[in-house]
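Can you make the complete structure from the sequences, with help from the hints?
Just so you know, the sequences run in chain order A and B. Quick note: the first sequence, position 276, residue 275 per numbering that gives the first Met the number 0, numbers continuous. Quick note: the second sequence, position 522, residue 521 per numbering that gives the first Met the number 0, numbers continuous.
Check each hint, because a few of them may be wrong.
Quick look at which bits of chain B chain A covers, simulated, 3 or more residues with Cβ under 8 Å [stated by the list, open to error]:
hint, stretch
1, 394-404
2, 469-476
3, 488-494
Note that these hints are calculated values from the structure, not bench results. We put the CB at the ideal spot given by N, CA and C, even for glycine.
2 protein chains.
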Amino acid sequence: MPKNNKEKLLIFALGGLGEIGKNMYVVQYGDDIVVIDAGLKFPEEEMLGIDLVIPDITYLVENKSKVRGIVLTHGHEDHIGGLSYVLKQLNVPVYGTKLTLGLVESKLKEANILAETKLNLVNGDSEIELGSFKISFFRTNHSIPDSVGVVLETPEGIVVHTGDFKFDLTPVNNQMADMHKMAEIGKKGVLALLSDSTNAEREGHTGSERSVGEALSEAFRKAKQRIIVATFASNIHRIQQVVDAAQTYGRKIAIVGRSMVNVVNIGIELGYLHVPEGIIVDIDEITKLPADQVVILSTGSQGEPMSALTRMARSTHRKLDIIPGDTVIIAATPIPGNEKYVARTVDQLFRVGANVIYGPGSISGVHVSGHGSQEELKLMLTLIRPKYFIPIHGEYRMLRLHSDLAESIGVPHENIFILDNGDTVEISNGKARYGPKIPVGNVLIDGLGVGDVGNIVLRDRKLLSQDGILVVVVTLSKQNATILSGPDIISRGFVYVRESEELLEEANRLVTATLQKLMIENVNDWSSLKTSVRDVLGRFLYEQTRRRPMILPIIMEV
Amino acid sequence: MPKNNKEKLLIFALGGLGEIGKNMYVVQYGDDIVVIDAGLKFPEEEMLGIDLVIPDITYLVENKSKVRGIVLTHGHEDHIGGLSYVLKQLNVPVYGTKLTLGLVESKLKEANILAETKLNLVNGDSEIELGSFKISFFRTNHSIPDSVGVVLETPEGIVVHTGDFKFDLTPVNNQMADMHKMAEIGKKGVLALLSDSTNAEREGHTGSERSVGEALSEAFRKAKQRIIVATFASNIHRIQQVVDAAQTYGRKIAIVGRSMVNVVNIGIELGYLHVPEGIIVDIDEITKLPADQVVILSTGSQGEPMSALTRMARSTHRKLDIIPGDTVIIAATPIPGNEKYVARTVDQLFRVGANVIYGPGSISGVHVSGHGSQEELKLMLTLIRPKYFIPIHGEYRMLRLHSDLAESIGVPHENIFILDNGDTVEISNGKARYGPKIPVGNVLIDGLGVGDVGNIVLRDRKLLSQDGILVVVVTLSKQNATILSGPDIISRGFVYVRESEELLEEANRLVTATLQKLMIENVNDWSSLKTSVRDVLGRFLYEQTRRRPMILPIIMEV
Numbered sequence: 000m001p002k003n004n005k006e007k008l009l010i011f012a013l014g015g016l017g018e019i020g021k022n023m024y025v026v027q028y029g030d031d032i033v034v035i036d037a038g039l040k041f042p043e044e045e046m047l048g049i050d051l052v053i054p055d056i057t058y059l060v061e062n063k064s065k066v067r068g069i070v071l072t073h074g075h076e077d078h079i080g081g082l083s084y085v086l087k088q089l090n091v092p093v094y095g096t097k098l099t100l101g102l103v104e105s106k107l108k109e110a111n112i113l114a115e116t117k118l119n120l121v122n123g124d125s126e127i128e129l130g131s132f133k134i135s136f137f138r139t140n141h142s143i144p145d146s147v148g149v150v151l152e153t154p155e156g157i158v159v160h161t162g163d164f165k166f167d168l169t170p171v172n173n174q175m176a177d178m179h180k181m182a183e184i185g186k187k188g189v190l191a192l193l194s195d196s197t198n199a200e201r202e203g204h205t206g207s208e209r210s211v212g213e214a215l216s217e218a219f220r221k222a223k224q225r226i227i228v229a230t231f232a233s234n235i236h237r238i239q240q241v242v243d244a245a246q247t248y249g250r251k252i253a254i255v256g257r258s259m260v261n262v263v264n265i266g267i268e269l270g271y272l273h274v275p276e277g278i279i280v281d282i283d284e285i286t287k288l289p290a291d292q293v294v295i296l297s298t299g300s301q302g303e304p305m306s307a308l309t310r311m312a313r314s315t316h317r318k319l320d321i322i323p324g325d326t327v328i329i330a331a332t333p334i335p336g337n338e339k340y341v342a343r344t345v346d347q348l349f350r351v352g353a354n355v356i357y358g359p360g361s362i363s364g365v366h367v368s369g370h371g372s373q374e375e376l377k378l379m380l381t382l383i384r385p386k387y388f389i390p391i392h393g394e395y396r397m398l399r400l401h402s403d404l405a406e407s408i409g410v411p412h413e414n415i416f417i418l419d420n421g422d423t424v425e426i427s428n429g430k431a432r433y434g435p436k437i438p439v440g441n442v443l444i445d446g447l448g449v450g451d452v453g454n455i456v457l458r459d460r461k462l463l464s465q466d467g468i469l470v471v472v473v474t475l476s477k478q479n480a481t482i483l484s485g486p487d488i489i490s491r492g493f494v495y496v497r498e499s500e501e502l503l504e505e506a507n508r509l510v511t512a513t514l515q516k517l518m519i520e521n522v523n524d525w526s527s528l529k530t531s532v533r534d535v536l537g538r539f540l541y542e543q544t545r546r547r548p549m550i551l552p553i554i555m556e557v
Numbered sequence: 000m001p002k003n004n005k006e007k008l009l010i011f012a013l014g015g016l017g018e019i020g021k022n023m024y025v026v027q028y029g030d031d032i033v034v035i036d037a038g039l040k041f042p043e044e045e046m047l048g049i050d051l052v053i054p055d056i057t058y059l060v061e062n063k064s065k066v067r068g069i070v071l072t073h074g075h076e077d078h079i080g081g082l083s084y085v086l087k088q089l090n091v092p093v094y095g096t097k098l099t100l101g102l103v104e105s106k107l108k109e110a111n112i113l114a115e116t117k118l119n120l121v122n123g124d125s126e127i128e129l130g131s132f133k134i135s136f137f138r139t140n141h142s143i144p145d146s147v148g149v150v151l152e153t154p155e156g157i158v159v160h161t162g163d164f165k166f167d168l169t170p171v172n173n174q175m176a177d178m179h180k181m182a183e184i185g186k187k188g189v190l191a192l193l194s195d196s197t198n199a200e201r202e203g204h205t206g207s208e209r210s211v212g213e214a215l216s217e218a219f220r221k222a223k224q225r226i227i228v229a230t231f232a233s234n235i236h237r238i239q240q241v242v243d244a245a246q247t248y249g250r251k252i253a254i255v256g257r258s259m260v261n262v263v264n265i266g267i268e269l270g271y272l273h274v275p276e277g278i279i280v281d282i283d284e285i286t287k288l289p290a291d292q293v294v295i296l297s298t299g300s301q302g303e304p305m306s307a308l309t310r311m312a313r314s315t316h317r318k319l320d321i322i323p324g325d326t327v328i329i330a331a332t333p334i335p336g337n338e339k340y341v342a343r344t345v346d347q348l349f350r351v352g353a354n355v356i357y358g359p360g361s362i363s364g365v366h367v368s369g370h371g372s373q374e375e376l377k378l379m380l381t382l383i384r385p386k387y388f389i390p391i392h393g394e395y396r397m398l399r400l401h402s403d404l405a406e407s408i409g410v411p412h413e414n415i416f417i418l419d420n421g422d423t424v425e426i427s428n429g430k431a432r433y434g435p436k437i438p439v440g441n442v443l444i445d446g447l448g449v450g451d452v453g454n455i456v457l458r459d460r461k462l463l464s465q466d467g468i469l470v471v472v473v474t475l476s477k478q479n480a481t482i483l484s485g486p487d488i489i490s491r492g493f494v495y496v497r498e499s500e501e502l503l504e505e506a507n508r509l510v511t512a513t514l515q516k517l518m519i520e521n522v523n524d525w526s527s528l529k530t531s532v533r534d535v536l537g538r539f540l541y542e543q544t545r546r547r548p549m550i551l552p553i554i555m556e557v
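The following block contains the structure:
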C-alpha cells in the first residue's frame, strides 16, 4: 500500500557489483533509506601504495536525514570493514547479529567511535522497523558464524538480500541455514531477490565445512611432530575443528598473529568457540612441550609477507621458527591475486624442512568455500522464487553466469537486472525498470588519508614505478641570460648512476645547449623552458634507453 | 672411460630451478661444457618496470673457450628467449630441431645476429659430438611441436635431460613421444636424469591435446555467429585443430596479433601446420563474410592489456570489434600471475555481449597442459630408471614433490639432488655429491638496458611507487648564512597538492626553521643539511599522513 502514489522503490549498490569487496547495497522508498553492509576492498594491483578501498558514500551523505540504518549480514571485512569510515560521516543506527557486532565493536573501539555509535543486536528471529520498511532475517551458512540474509517488507513488496551464503547440510555448529523460513518467504511472494554470485562459475555443490574437520583430523593423526595450522582468522568453525582435533590427539594450542588472537578471544567470549580449559597455552609455554603435543594456530594463510606464518618460515618471527619435521597445514585457498605469495610461503616452508599440506581444497581436503556453487544458487532462487532477480556480490562474469542460472530455473530474462555500482532498479506498481544513475566510486585509503589520493597521484606513482625520475636543477640569471649553476641531474629508480655516467653527462650537455639556445632566442618564461627541457631530454633518454622516466625540471632564478 | 682420472662430471643450472622460466642447464666434463636451453623469464611483481629477465652467464663467459654449444629442447620463450642475449656474449654453435630453429631464426634476425650464428639442425635420430660428449635425442610430446629430450653420453655415464614433456598417447600430429627409445636408454643404464617438474603438484595424467580438438569442434558446432579463438601462438597443434574445425564447419580464418601471424607463417612454411588453400583470409576480407562463416584466431589468451583480444573487447582494435553474439573461446589457462588480467578480459567480453568459453580445461575442455602430471612423471622415471635424479624446471615445492615421486618408484632418497640455480652435482667414479657453487643471478632487461637496473634502482622504484616523492629545493648563501630562495617543495605521487596545501605549507615552514637553526649553529656542510631536512620532514610527514615518500633535498649555493 504505497503511502504516496508517486513513491518508488529504488534498489542499487554503492559497492560490490563488478568487483569482489566493499559491499554496500541500498534500498530506498521515498524518504526512507536502508543500507545493507559497509565493506572494504583490498586495492587492485594498479592502486599503488593504497592500503584499502571503501565505497564513495556521497549519495548517502547528501541524503543523511533519510538514512534509517545500516544492516549488517555478517562480520567479514568486505561487509563491515568500511563501517568505521562510513559512521564518521553518517552516524546512524547499526543492526547486526551477536558475533558481527562483536567484531564491529573492536573496530569501532580502534577508530575511537564506539561510544557514539548505536549498535542494535538482532538474530534470525528479530523483526525491526526502519521507516517504511519492516525488516526480518534468516539464518544462512557461511565461513563465519552468525551470518544472515535480510528480508525487507516494503510498500512495493518483499525484497530479499541473501548476504553471503552456502547450504551446509552438516554444519559444524549444527545451525543449518533456515531453509524453512526461506521457503515460507518464497511462498508469500517475493518482489526482488539480491543473491550472492561469488561461486556462480563453480559447478555442483560446495563441500561441507565438516569435511574439512575430517581432513584436519586425518592430518593430525599422521603428524609425528608439531602441527601448524594457518587459516582465516574469522573462520571460527574451522578454528573450532582445529581445537577439537587438538583435543582428540592430546595437543595444546598456541595462537599467533594479531587478528587470530583477537577473533579467538571474541569467539570464546561470545560463546561461538568452545575451548576446553587449559588447551590454549602461551607461546612461551608451547615451546617447552614435546613436539607431538603442539599445535600452533596462525594467521598467514594468504602468504602475507608480514604474517606470523611467513615470518616463522623466514625465521624472522620473534619467538617461533619452523622446525624440520613440522607439519604445516594451510587450510585456505589463495584469494585471487595472492597465489604467488602463498606459493612463495609454501616453497619456503618446504625449504626449511616442513611437510606442507596445501593446495585446492578438492585435493588437500583442508578447505571448502564459504559460498554456494551453482546448484546452491539455483536452490536459493527456487526457494525464494522472486519476480525480479538482481545478482550481487561478484565480478561481471559471475553476475552474468548467475543470471543464466536464474533463467534456467524460470526467471524471465527481462526480469533480471545485471547492474553496475550506481545503476538503479526502480520499482513502482509492481513493475521494475532501470532508474536514474547514482554517483559512485572508490575512496582510496592511504595511511591516514581518506580520499586524498586520486587518479593523478596514482598515475604519477605508476610512472615513477616503471622508469623512475630525473630531477634537473638549474639556476639562471635572466638579466644576462646565462646559466649560473647546473644543470645538475639527479636520478632515482632510472639507471645505476655509476654505470651510466656517460649517458648522464650527455644528458647534461643536451640540457645546457637547449637552455642556452632558448635564452639566446629570448625565450625565457619558465614554463617554456621547462617544457623544452622535458621534451628534449625525454626524447634523448627514450632513444638511448627505451625508457620514459618522469622528468622534473627545476629552474631557479637569482 | 675417463680421459683423466681427476676429471669430474658437473651438472648445474644457471636458471630454471626454484622458478618457472629462464631455463639454462649446464653439463661439464673437464674442459667441455654443453649448455641446454637459454630461456627468459617474465619479471616478478616486485621487479618494477622490468621487461624481461635472463640468466647471468658470467660462468660461461669466463669459460668461453670450453663451451662447445647450446642445445635447445624446444621453441618456447622460457627455453629460447634468452638466446639472442647469450649469443652476443658467447658465439657458440646452436643445435635444435627444425621448428625450434625456425623460431630462433626470427629472433636472431630481429637482434641482428642471424648471420654470425651457427645454427645446426637436429632431429630425434641425430647423433652429434660436442667435445667429450656424444649427444642424441628422443621425441617428446609438449604444447609445441618438435620438442625433444637430450641424451648426453659422458665419460662418467649417460645423463638424460627430458626437456618439457607429457605423454600424449593420441597426439594431434600422430607423433608420439618416443617411449621405445626412452626404454632403450633406460635399459643401457642411466647415471642421472634431469626431469621437468612443472606439474609435479598435479595428480593423475594430463589430458590429450586431441580432447581439446573435440571441445573446440563442439563449440564450433553450437556457435551461431562469429567465433574468436585465443590461444598461445606457439601451440601449433591447437592452431591446427582450430583450422580443422573451421574447415569442417565451413568457416574462414583471419589471424590477428603479431606473434600469432609470425608463428602461423613459420608453421606453414616449415610444414608443421597444414592449412587448406584459401581458408586463411585477410582481416579486411573477413569483415565482409557472414558471421557464421568467420573465425578469428587471436593472441591475448593471457588477458595481456595490449593484445589483440583485449583491444577487440575494449573497442580499441584498429580493425575488429566484438559483436554481440560472438563466441569467444579462450583456449588456455592463465599463467600464474595473469589470473586477474584474464578475468578482466572475460568480464569485458561478457559486457560487450559475447558468449565466452573459458576457465579451467577440466571444465571448459578447451585447454590441456603441455606438461605431464604425477603419473607421467613416474612413467618417465620408470622408463629411464636413473641412478641419480635431479628434478628441474620448477619452483621449489614442485622439485620437492617430484623428488617424492622419484622416491615412490624406488630412487633412493640419498640419490636425489634438489638444487638451486648455481648448486652443482659433481659425479666421479660413479659417485655423486654436492660440488662447488657457481655464481648465478638474474640479469634484468629494461628497454635497451641489459643489467643496468639492479637492487638499488628497484628499491627506489618500489619506494616511489608506494608513496611518491617530495623534492625540496632551496638556495643558500653560505657567507651570510641565509636562505636566498625557497624552500620550494614539489611533490609527485604523494598527495593531491590542491587538497593538501596546509600540509605542504607546514612542511615548508619546518624546512625553513630547520635550515635556519642549523646555519645559526654553523652547521653548513651540505650533507648534514640534507640529512636533517630528510629526517625532520620525513618524521613530520609520517606523523601527519602515515606515508613515507622519498625525500630529495636539493641545496643550491650561489
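Cross-check of the supplied hints:
Counting residues of the stretch 394-404 of chain B whose beta-carbon sits less than 8 Å from any beta-carbon of chain A gives 4, enough to reach three: the coverage restraint holds. Counting residues of the stretch 469-476 of chain B whose C-beta lies closer than 8 Å to any C-beta of chain A gives 3; at least three are required, and the coverage claim holds. Residues of the stretch 488-494 of chain B lying with their CB closer than 8 Å to a CB of chain A number 5, which satisfies the three-residue condition for coverage.
The structure agrees with every numbered hint stated previously.
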